[in-house]
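**Q** Spelled out, the chains give:
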Amino acid sequence: MIDRLHPLTIFIYFLTVSMLPAFSRNPILHLLCLVTGFIMLFTWAQVKNILKKIPFFLLFFLIISLFNPFFYHNGDTVLFYVAGRRFSLEALLFGADSALMVTGVGLWFISLSHYMTSEKVLLLFGKLSAKASTIISLVMRIIPHYSRYIKSYRRHQRILGLYGDGSFLETVKAEGKIFAGFLTWSLEHSMTTADSMTARGYGVGKRKSFKINRFRKIDFIVCFLSLCLAVFLGIVLGMGYFYTDYYPTVKMPAMSTVPTISGAVYITISLLLTINHFIKANYGFSKDKQS
Amino acid sequence: MIFERYYIYISLILIAGSLALVFARLDKRRTGVRRITLIAVMTALSIAGRFIFASLPAFKPVSAIVILTGIYLGGEAGFLVGSLSAFLSNFYFGQGPWTPFQMAALGIIGLFAGLFFQKRSFKSPIIRRIVICIYAAVSGIFYSLFLDTWTMLWTYGSLNGPGYLAACLAAIPYTALYVASNVLFFILLDIPFGKRLGRIISKYKI
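Read top to bottom, the protein sequences are chains A and B.
Counting from 1, one number per residue, gives the positions in the first sequence under the working numbering.
Counting from 1, one number per residue, gives the positions in the second sequence under the working numbering.
Just so you know, the hints here were simulated from the structure itself, not pulled from any lab data.
Note that CB positions come from ideal geometry on N, CA and C, so glycine has one too.
Please note that a few of the clues may not be correct.
To be verified - One side only, chain B facing chain A, incomplete, derived with CB under 8 Å: (1) SER18; (2) ALA20; (3) LEU26; (4) VAL41; (5) THR43; (6) LEU197.
Produce the complete structure using the sequences and hints provided.
**A** Listed below in structure tokens is the structure:
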């Protein structure tokens, strides 16, 4: 479902949902961002793999939150002293909030890089620079091709008995030789590619690319909603409803109507695609149904 | 308007915008097809280098290959190889708000390598090597500092005070690894790349 959206939609949606809370220092917004980003992972990743990554994220979280109080000593509530320096609760909370933000945005970007495949990036930014998009397409073809070549080269060397006797020094020497041969071949091969590109008319006219993604109604809706969220949350943040101060003491905004409503709006829009995905995946009868 | 963390957004917008401008400007220049495919091969090689050394932190031949491209194929090629290899390899290593910064850092390294060394003749090959090794070392320090600045801005929203200094000091092992890998891979790869690229350039008149 999400991978069938237009690249522009995916880009706008993920960027607004992940980057907007990072404008503020409000831990509640950051927590919402983290939780919704975490739920978003379940639309494409296996539960086993997600659970495997959790210790890494916890470690990351701890390092970022503990780094701050060791180097910034303002804050009124002193927990203890480290080598004569204050270790304050406020600095710790500031670090923890930064860690929440970084982890949340990190989770959203993992999903983004799953859904924004290189073809979609080419569709989105190909207009900007035809040269760069040609190079990207070439590289995407070259990498698997060359890795197959270097494997077969190594196999041939082994069969011919030129790979050494298995000792470390001999292996390094043989690999160096393979690398040198591969380098010559790859540069020559690129010239062949260039010639065949010229023969097929590259550079004669303007380059067009085949586009399979259409901007459908759902794209329009998602784009519109995320732009609405951007404007709304931008105004709310700019008016200072989520303004949080850590030094000298933690000052959180009161839970009045406006922050509650904007939090609810944020949750709704950031869970929009996830919920849509799960409904379609589990109860849908349309062609979009996925396993 | 009260935005607590606007520095990072301003810098992100500036970096992404200037990258877009540079790419759009490079598009206006005419580049031969052969040069484009050569740039693609060099990008693929530097990405492959990042894959091969993925298990070692910071010890990567990427910058060295970018510098070599700048030296032999010019600043434009250096910029393209640097920025595109950062961009494309991040599809595997993780895209994020840091991608524009990595692209800019590596692109600048390649661009300046081309501007400084492409058409310059040195008295002897040894002096040339020493000068470029110094450039490689400086570019390692630059890359590390650039990304540290980004990390601090992104995580804590500001650069003031002892935290930034501490982060830079804590990154010294990484910086040293960057410098060492840049110089080492430059020395290792200069002769094989130089010989072959020079041959290709004179044979196909690039």
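**Q** If a hint holds in the structure, say so; if it doesn't, say that too.
**A** Structure-based check of each hint:
1. SER18: With a minimum Cβ separation of about 13 Å from chain A (threshold 8 Å), the hint on B/SER18 is violated.
2. ALA20: holds, 6 Å
3. LEU26: holds, 6 Å
4. VAL41: Hint on B/VAL41: holds, closest Cβ of chain A at ~4 Å, below 8 Å.
5. THR43: holds, 5 Å
6. LEU197: At about 7 Å, which falls below the 8 Å cut-off, the nearest Cβ of chain A leaves the hint on B/LEU197 intact, so it holds.
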